[in-house]
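**Q** Both chains come to you apart, so use the hints to assemble them.
First to last, the protein sequences are chains F and W. For the first sequence, the numbering used here gives the first residue as 1, with consecutive numbering after it. For the second sequence, the numbering used here gives the first residue as 1001, with consecutive numbering after it.
Hints listed in this document are in silico derivations from the structure and should not be mistaken for laboratory results. Glycine is no exception: its CB is placed at the ideal position from the N, C-alpha and C atoms. Mixed in with the good hints there might be a few duds.
[Unchecked claim] DSS-like, lysine-lysine: derived pairs with alpha carbons at most 27 Å apart:
no. : chain 1 : residue 1 : chain 2 : residue 2
1   : W       : K1722     : F       : K510
2   : F       : K389      : W       : K1662
3   : W       : K1686     : F       : K454
4   : F       : K513      : W       : K1703
5   : W       : K1722     : F       : K392
6   : F       : K454      : W       : K1743
[Stated by the list, open to error] Where chain F lies over chain W, by a calculated footprint (3+ residues, C-beta under 8 Å):
no. : region
7   : 1409-1419
8   : 1614-1624
9   : 1647-1654
10  : 1678-1691
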Amino acid sequence: MGAWAEAAQVCIFDMQRGQQEGHELDKILFFSPTDCPLPSQLSVIGLSEGLITFTRIFSPEAPCQLMQAEQHCHIFLNCEPDIWMVMVVEKAKEVEEDVRAAALEAVLKEAHELFVMFYGSIRALLHKHPAGDVARSCLHAFMPDYFADFLTGKKLQLPSIGDGLTERGTMQPVSLERDTVLHAQSLVGLLESCFGGGIVRHTLILFHGYLVSSTLPVGDTAALFSYAALRLTPAAIALSSSLHSAHKGQSTMQSPASRAGQSKLRTLFNNVTPTLAQEEPTIPSTSPLGQDTAHPEEGVKSQFPRPLRQDAWWKDKDGFLATDAWGADNNGVHPTIWLQQSEEQVHLCVYQYRALTLLLLIPTLLNGSNSLDTFTLLKEQLLDEAAQKIEKLEERLSKEWVGSNASHVPGYRYLCCDRSSKTATASPPSKVSTLSKESLSALNQVRAEIDFEKGRVERQASEQDPELEVCLRTKQNAWVIVRVRGGHELYTVQERASDTLVLASDAVEKLNKRSDLDPFFSNGAICNEALSWTIFFRLTWYAPSKARDDSNIHFLNHSAPLSCKQLEIIRPLS
Amino acid sequence: MGKTQASTSAQGGAVLGGSGATSHVYIQYPPLRCDIPGAAGVMYDDGNKLLLVPAPSKVYSWPANQHPPPETPGVTNIKEGPILGVRFSLDCKILAVQRTNREIEFINRENGTGFSQQCKSGTDRIFGFFWTDCPSCDIVFVTTSGLELYALHQGRNSLKFLDIKKANVSWYVYTHESRLVLLASGMQCKTLAGYQFAAGGIIRLPKYDVMMAKADANRKPVLAPEDIRIATMYGRLYCLQVDRVALCIHMYRFYRDAVVPQGSLPIYSPHVAISVVDNVLLIHQTDSKVVLLYDILSDTKVPTSAPLPLLLRGGPLSSDSSIQSTEKDKKRVLMNREATIYGDGWVFVNPDFVLDHLHGLLWRVRLDLEAVAASTSNLPVLLAFLQRRRHEAAKAKELSLMVMRSMILERRPLTVIGTAMDVLTSSYAQGARPPNGTGGSSFQPTQFTKPLASTIAGITLSAGPRAGGPSSLTATPGVQSAVVMSSSGAASLRLPQDTEDSGDSEDDQVQASAPLRPEQGLATEDVLECTLDQGITGSPEIEEESPTSVSRDLSSESSGRLNSSSMEPSVSSSPSLSGLQGIRMGIAAPLISPEEMQRRVFMAVEEETVVDAIFLVSVIVEYMRSAAREHVRVPPGLQAFVVKLLARDERFNELHQFIAGKLVEPSRAVALQLVEVGTHHTPTRKLGMEMLRLLHAHSDYVKLLLQDGRMLEGLRYIRRNKVDSVPPVMFLQAAASVNDAQKLAAVFRFCLDFIPGFQQTPDFITYSSRLNQHSNSGAFGR
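Isolated chain W (complex conformation) (with noise of 0.2 Å):
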């Protein structure tokens, strides 16, 4: 496949890749089903990815990111009554349901026991709860006037109210993923103030209103929940606001102390829908059926690729259904209006699924790595793409590796391919750094280890997507409630049980959200909160103790790259996220290291013997340049192979310039190559010989002149330098081969001088009679 792929996406056309349909994002079959009878809807639990479903008495759970999913699910079995919401504690040993909107019950799953807790002020309600992992609270529940915070009672068997964070609630939105919750208020709910319950505490955001276009002057809009969606793209956390009214999406930025525009995108219809995959935002135009790329660490707020339709892939097609039916019974096969994209039914949760409440099925949005690669002409974009997708590393790096060699095969303009160097070795370079010496990481002393640690048990779990699931679902009755958000595309289609209006009517918000639209964090998960570092994790009472210099990282971050009016976009992103890239070293990156530039690409690229030396050296010092840039070191054997090159077309000249100039460095590789390319140019061997001198590879060296027949100066050099690895014994023999009795006296000479013992070594006694015999014969002189 690499040929044509590499081809076809050189050609810059839309011509797409190995999956056989126009699209860079689809939903894979088989879906996730979970059509239980009588089921009172689904609901997603974020902080678990699960798919819950309660029934009268039960409630059924999958695991959301498994693919194929399950086919049984785990089963918890609850008393019958009204479900507003469900969610699993994080150690899935708890579940808890809400039943009124004053009322949460908790059954214990090992042994269970239940219990119930009420909120604290009997004329709130609970909007919903969500469990959670920060230090100072178990769970906490969102009423019309504010946080409700409780702790687990060690026994388990009940909740201790530890703390209640006051302000007035109109909705609230929540990801687990972010552990950001929002609390809208106001008379048009545009104010928004977030509390971040993350590992190293709780950290309480700055109010902030959110921008509103007016559709006519007598009439203000009312925020809804719905247009507003938390967002965690590499470890930043953003909140998406769609404004139906101005066609945009405001994008803000969250920091440990302040909240920062970052800009707007264009949409082109009020219908649209939001995923985040893999670190891209996917922005469904639902009216047109096509989805937009945006990756916020571009520079440009230009599409990644041309529009395209989201697809269904690997299902069957529907005219075989009657075929497909005939299978395997649990293998049902969508029907047609089941497989119908973007149908009445479809909710987009958090951050890459899609629920279809009408058949019960949960969807999954994947990226199409290839088809991106394949409908996007501006390749070094296209690379730095590839290089921020961790959800596929090994398909981006070969993907990466590919559109790299085909560059070079097709001659682009030595600029071009310059630019996709830098691309590749800064990515490379920002992910091998060692995370410490970028700006805030360098203040994570020891009480950071732990969100550290967990950050990284995060990481493994998004990055296997599957890793986290298999034993939480067996042994699962969980509950968590979902919460509500997300799914702008909402607007268009009406779920069944969730009148709400917007949530202006605090009754509509409880509904809304028990009827769940789920979400969920599953790949960046913990990821943010680290990642949040600078900005939002770190411990506060350090983050009060140096101010100056948090706010300083903050303010120049927050001129990050997204923002068009970015002062230093550059400077200031590169040290935020290499911090976060060399913590997330631990996972696959589709990072190209220059030993794999190497092999995979300059060396495969000569094999193809179309491109001429010179164009390939050009090549390689472009590459050079950039990993000069990042400091990165090019290996000896790629700087030998630049000398093979140039000795090959017999530019000498160029060869001793690129050495005296040290672009090619001197090591024991680059030495051996100058010296086995100089054995028709004297001058280069000579070169070679002397690099080895100088570099002290005295065994090396010394062959090298018993090669020449430079005997003497070989044991000269030896005993010079004390060199024990080539035994003067060889120059006997050398000296004695070339039958040059002279020599092999002399050589024989320096042993009895300089061997302590080689007078009763068997050499001497071979070696002098045969002396002996020269001299009797005359061949040796007098």
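For reference, chain F alone in the conformation it holds in the complex (with noise of 0.2 Å):
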């Protein structure tokens, strides 16, 4: 058991189940780690289930999120009616600011998106499959796959402070001329419409790990997303068949560190220890983890699709990535996801083409029997007609690529995000790491407390989008300014110990009109000109400790005309 198995643990649990005394067990449906005795993991889930249970006395709708012990933090999702999704985080030794709970959140958040769309939500599985085992094997051979991301030697690297300028579950754009923007719309209605249209239902066109165009909703979008970023874009493909080349060699033995990192969080994620392995006739007979853990790799594998092992895939000679996750043998068996918006299955093909990915979903029920030559039909066909196309347009975006740095503004450390459509901006996270300590911490009490703002904002169930403008100087003068209006936020950092607010906030302002930010809000969009909400903190004396309250946090709500009069009053004054 290593030492990042006590820094956190995660359970999934059906509140609907195991409601009699004695079935307490039947609630559970993941547990990690899976070597843990069944006692703490009831206990774990007792407490979580009677904080539910209590805070929904006075919030039906969003019954609790956070609960902070002595120790450890307990992260709760609320994932799909009635099931639960709990992070216990142990607490850092070290005087460190605690990392705020909605980029762990959103870690649960991007766990569950993901699952839903390789294997359906868990609501349905259980549906279908009452007795909850497919549910649980689904469940068993997901999780350990999508930590093992978070994997480093041995730590488990969960979000930290210094990823205070990432927002999780968010594309990045890249933004491009419209010329190439209209050659790869042009593309996409090529491929739609090819064979008389309806075969290519979506496509998503990726351009190293960025979003060229997708023509999925944005939920859809953000998942496919996500799961291309981790293991479809070019570098996470050539990772993947040096393992893949690697595991054929050596049949089941895996000899890359990561492989062996992998393995190990497997082996403690999937209850493979003797001790544990007795413990098995106390699980109720329905629960399939029995049968799970005898033959972990196996039975996982033959079972139920692992889209997210890290050698799923690799490329092919035409081009095409192939994939054994969803079948034991290539044999036939193409990947399948599950559209969140109009819940439907299709398949996933995917065309690689040096830098360009190429995602194309096509319907499942198209293809029945003879599924194999449908798709190697429409190999041919695509690569037919769209293949001088999609060189092209590679050679395009190659043009206009400048390289990850693209984002970078000299002089800014930010973060931009577009909420409605789940984009982000940000600073590449070599600049950032540039920033002190001190300002990241400072940054993350921010962004915590405007997490809770928005909250508040969004469960009054107003029409209105929050509109909020945070200035924040640190101890060290370094300015930390967020601006959020009408579902944009930026966020920024600027260490430059001269300047003034008025200095800091024109630098942002100019910041914020850079047309790259955010292509079509190239005028300003975060600006402060409908400002009614302004929350003022004074934290130059701010001290790391929990002493939240030593700092001056001025909450100013007034009317409308009055704002700019009161806050050119208040401006001087810091």
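**A** Listed below in structure tokens is the structure:
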């Protein structure tokens, strides 16, 4: 059991199940680490259930999000009706700031989103197989793979305050010239109109890890994008194929370090330790855990797709990506995914040309028995019709592509995200890493505050989006400025000690007007023009301890026409 | 008709369009009849587009380009005597009659006076003559030893000799359309020298030899005048040479300082005739009685459509002739033999006339665009063809639109549709672009204004075929003799008087010209000249000053489209073409503007409801792509239409991407459409409002805020942006109507603070009293 295992526990349980005494275990759909003794599993779940039930009295819609204990922090996600994901994170022993809960919650959200995309919703699985075995197996097949990505060496790297300028679950758009966008769109049109239309239902175009175009609704796009970014980008494929060849060469032996790590994790998650094996009988006979644990690798692999396996995909000679994650041996089993919005199951067909990745979604209903033939035919046709256009587009994109530092704006560290389209542009991580711990910590705190404020406004169920502006000066004279308006959020950190509030604010205004930040809102989307709420923090003597009440926090609520005046009064003060 | 036509064309079958017969080239009944008893033949004066019939003491003239043809000819009295050639001066005031091989007589129609002119050297013979509008001379005699240039004296009663361009001449060809005279010399007559009497001055073209295949080793073939044809297509000058041995037509293109072979077209028998109709090259295979259409600007050397026979249209059936003849006797019915296609008496006259010597009929060859459209299966090529038509621009445009619509309705492959869009937009872009900025036209300073003006005049003339006619016809006793040429069909038909065994003997040659195989240039007339533009016409001085640029231009042009081995056809041809078409913008062209695409293609298709929105959006994206390539602006209306289509399928994410990627550019129309479709999708509505705000469409934005009940925000916005189109009083009304006293008070306060003199307005009284009521009744808080 690695050190990380104590750092985080993840459990998924269904509050509708196991309501009778003695059947409590039936609630558990997934628990990690799986070698955790059942009584402690039950105690975590019992505590969570109790909290949820209690808080529901006051807030039926959003019962419980977070519980801070002395040593642990519990993050709750109500992913589906009555199905909860709970993550228990041990607090760091150093005097470090806690990472904001929303960042951890986002991890759970993403895990659930991906799970639903591959297997359908947990509730649907439970409906179909009331015994719960299928749902459990799927979760056990999926979750370890998902969390394996957070594993570096032995340590589980959950989001930290260093990730303050990232937003999980958003897509990175790539800002392109209109001509190029037209070409991309024209390619999409061509693909989707092939064979008289209807065969290729949806198309996603990715360039490196950036989204060029998608015909899916936002939610599906975001989910599929997250998956593609994890497993389908050229870089991921390169890694995967190296793993794959190693895998092929040495049968089931894993040589690369990452694979070893993954395998270790799997072992941990999958409960193979003899101690637990002995406890098997205590698990209700309906649970599939027993069978699973007997032959974890083979069993899971043959029965349930493991799309997040790290060597799941490799590139065929024809440019299409192939996988065996959905079926034992690529014998005509094509990867399928579920679309959230249309609740439709579609085949996923991926084509890669250099840095360009095309994800084609093809309805499953089309091909009954001879799906293999249909696919072969389809692939040939696609290559015939579109190969030239694909090459051309790739060429154009490569020409315009300025590298991964394209989003860097000198002098700023920023994150700009658009909630409605789930896109985000941010300073490249290498640049963010130059920020001082102090600033990151302040940012983390402000973001937590903003999350809270946003949640409050959202709960009020008003039609209007929250409109906020926060300017904060840290102890080391860095400025953290946040603007939220109309679903757009801009977080910036400027470490220029000499700046006054006015200068810093103007600098943000300038950044805001950059067209590449958000193509449409090139004229200053998130401007404070219509600000009705201003939160003003004065944290110059902010202490890293949890003395939040030490800092001066001004919430200014004023009727609109006065806001500017008041701001003017306040600005000179700081 | 639209529907059926569209479908037939789309199927690519050879079913014809509305006209009821299988042919894309036809001659229209009734022909121009010129059977004057005792006439000495028929001549065509291409300078004035007159059909001239010299009788012993009179010259009858008909304008050739009227339809239906005029019944009564213009008459000019002349003295009796032999007539070898007749031509009116270009103002139709002087009739020149070639009486003998040495002498030409001139008759002033206004006062009846006359004079004669003999050629300079006593030993020379005059082959023929032509009037010219070139500034340096008025009339040119072509003699055995070259060209003699004369000008009219002011009193118009004599000619002044100006110059002689020496050359050995075996025979010559001239068309007024091209202003170009080609002089053949040498044993085989295969060395051609050319002069152009252009509006900018006389240009001498380099000599060149044509290629001729030998029938057998011992006999050298001799080039006959009817083997050579000057053709003007798209303002470019070509020499077409029929090689009856090698069974092909060689093409040469004239440039100012070069003559460049442009490849050759196959023919299938030695008996062919050539017409040019609306810049389309028609090769009549007179043996098999079919016509092949070639469009020199299309990239391929394949005929534009399948070979089909030439038909007579609109004529009474021969069986009815007895009945018909009982009607108006003026409308004499065609006898059976008169209606014979490719009859013995047929001579093809430049560019698109057919003169039937045996029966005294003048036919005009026409193109049936509908039939072409119906018989062509390669739709992008067809569209390109239609887009280049100028004679029946309106019809070509309708057909283009129809083809485009049917392509979409039938869900042709997107690539094909995209290519078709490219064709339409590029021809629109070239047509709409101002003529400057292209290759040679940049050096057209002041002295070019005149040619330009004349060009435009020529263009209007050509656009309405009837334009020049009426005035000249009634008042004109002109004389301009026709020049030999053309009519390759002549080989098969021997004209009565025309015993030319091809122009070896000078005598024959003269005779040959006398009997007239007229020829003319009506359609493209001067266009070519100025279009020769870079090629030929430009003023010589300029050319010398900038030889490099010109030659570069030429060389690039010389690689033009027709040339199969062209180096860079698209690049080179487009600039030269654009200049030309820019000039031509004055005339009707079948160009389809983006607005028309929107209204008459996309929206029209959408009304059909068979096409799903996804496909239609893809098609519009294709259009936007081709428009972007040509830098054509896509109208906001079309972009708003895209928004509507996307929203109809609830593809909001794509909609947002379209806007983020600027495929749909911000505009008021788009923003309002976004707001409208966003009624049930808040983010889209927000996007629309944001767009309005960024576009500074203040009043729209504020009204929407008001509609949303966001009054305070609206007021703040008004104040910040100094909007005065929305009176704050509207806010008062809105606030009062929602019955929210707090809001009303806030708005009222705003008015009080920021509207000067608000206290004096009736609104102040109304609303203050209402607020008082509220506060009294306790509805308004404290």
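**Q** Of the numbered hints stated earlier in the document, which are not met by this structure?
**A** 5
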